[in-house]
Every structure is written in C-alpha cells, then in structure tokens.
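Participant: Chains A and B, in that order, are what the protein sequence lines are. Here the numbering used here is used: position 32 in the first sequence is 32, and no number is missing along the way. Here the numbering used here is used: position 96 in the second sequence is 96, and no number is missing along the way.
You may find that some hints are simply not true.
Reference listing, derived: stretches of chain A covered by chain B, where coverage requires no fewer than 3 residues with Cβ under 8 Å from a Cβ of chain B [said to hold, decoys possible]: (1) 23-33; (2) 41-54.
In silico PhoX-like cross-links for lysine-lysine, where the CA-CA straight-line distance does not exceed 20 Å [as the list claims (entries may be wrong)]: (3) B:Lys-90 / B:Lys-67; (4) B:Lys-98 / A:Lys-41; (5) B:Lys-106 / B:Lys-88; (6) B:Lys-21 / A:Lys-26.
Just so you know, these hints were derived from the structure itself, not from any lab. We put the beta carbon where it would ideally sit given N, CA and C, even for glycine.
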Amino acid sequence: MSEPASGLKLGQNVPDFELETYDPVKDDFGKFRLQDQIAGKRWTVLFFYPADFTFV
Amino acid sequence: MGCDIITISADTKFVHLAWRKNEKELAAVRYPMASDPTGKVGRMFGVYDDNTGLNLRGTFVINPEGKLLNAEVNFYNLGRNIDELMRKFKANLYMTKKTNEACPSKWKDEGDKTLVNPGAKMVGKVHEALNP
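All chains, please: the whole structure from these sequences, using the hints.
Facilitator: Structure, rendered in structure tokens:
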C-alpha cells in the first residue's frame with residue numbers, strides 16, 4: 001500500500017470541500033458542503049468506508 | 001444532538017442509491033451517503049489508498065467552527081465501535097462547555113469524573129485527581 005497522504009492534523013481547520021450525495025430521507029441526490037455545516041453551526045462526523053455492497 | 005453524520009466512499013451516488021435500496025441492513029439508514037470517486041477528500045484526510053482505489057475505515061469529528069478534533073483510522077478488516085465514537089462525540093460536546101476540564105480514558109458521559117484544570121499541580125498526581 002502506498003503511504004496515505006494526510007495533510008490534516010488535529011486542531012487544524014478543515015479546508016472546505018463539496019461532494020455529491022444520495023440522501024435517503026429525501027430519496028434524492030444532493031450535495032454536502034463543509035461550509036454549510038459551519039454556517040449552520042453543526043458538528044460533522046465523516047465516516048469513510050471502502051465500498052458499497054461490502055461489509056461496513 | 002446537533003450533529004450530522006456523512007458517510008463517504010469512492011462509489012457514485014447512483015451506486016449509493018442502489019445499495020441503500022437493496023440491502024435490508026441499511027433500511028434504517030437516514031444519513032447522506034457522499035460520493036468521492038476521485039479520492040479527493042479521502043486523500044485530504046489520509047484514508048484513500050491509491051493501490052486499491054478504496055478508502056480505509058476513517059472516522060473524523062469536525063466541530064461547528066470547522067476544526068478537526070478527532071481522527072480514527074482502521075485497516076480494511078477491522079470494524080469500528082460506535083459506542084467509542086459516541087463517547088468521543090459526547091466528550092467533545094462536554095469539553096466545549098467546560099473548557100477547563102479534560103475527559104480521561106474512562107469518561108463515558110456527563111457526570112463522570114473529569115480532570116479539572118489539568119496543569120503543573122497535576123503532574124504525577126493524576127491518580128489523586130481521579131480518586132479524591
């Protein structure tokens with residue numbers, strides 16, 4: 001495995017990013033933007049996993 | 001609890017939809033499932049594996065100001081403990097309110113013993129601070 005390149009350290013501000021989403025509540029596609037979380041004063045938990053249709 | 005969980009994999013949003021609708025284990029899932037097909041965000045957090053094109057099992061807690069407060073990364077074959085994630089999240093919330101306290105390893109919930117004003121006086125005296 002190649003070295004995972006991590007630029008982020010604890011205590012750092014996370015650079016803004018945007019990702020397309022599937023939202024099961026609306027049963028529709030949408031977008032997630034970190035900036036929206038900050039604007040809405042919300043905590044965020046990012047939960048990375050290898051792939052759909054596998055064990056998570 | 002004022003917190004949004006976002007799951008992220010390299011799959012497209014179309015695959016997320018198909019998986020959510022097919023897998024009965026996911027019937028209760030209500031959080032947005034994000035798609036990071038280029039590994040852009042996975043690389044930023046150091047969990048994207050270029051050799052496999054997949055993300056390791058990384059969990060990251062970001063506070064409302066956008067600051068990264070917790071990081072936990074497991075290899076592919078080790079699942080995460082949701083109780084421990086909840087413990088970390090509750091501890092973060094608590095310490096946001098009580099900025100002069102620290103949550104030790106056995107802290108589970110509000111009311112449990114904390115270390116108050118950890119500083120020079122507590123060096124070598126953590127046992128006494130935890131067991132007054």
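Participant: Would the pair Lys-98 (chain B) and Lys-41 (chain A) pass a check requiring their Cα atoms to be no farther apart than 20 Å?
Facilitator: 18 Å, holds
Participant: For Lys-90 (chain B) and Lys-67 (chain B), compute the direct alpha-carbon distance and say whether it is at most 20 Å.
Facilitator: 16 Å, holds
Participant: Can the segment 41-54 of chain A be counted as covered by chain B under the rule of three residues or more with Cβ-Cβ separation shorter than 8 Å?
Facilitator: Holds: 13 residues of the segment 41-54 of chain A have a Cβ under 8 Å from chain B.
Participant: Decide if the proposed pair is consistent with the structure: Lys-21 (chain B) and Lys-26 (chain A), CA atoms, cutoff 20 Å inclusive.
Facilitator: 13 Å, holds
Participant: Would you check the hint for Lys-106 (chain B) and Lys-88 (chain B), treating anything up to 20 Å between C-alpha atoms as holding?
Facilitator: 11 Å, holds
Participant: Check, residue by residue, whether the segment 23-33 of chain A contains three or more positions whose beta-carbon lies closer than 8 Å to a beta-carbon of chain B, and give the verdict.
Facilitator: holds (count 6)
The structure agrees with every numbered hint stated previously.
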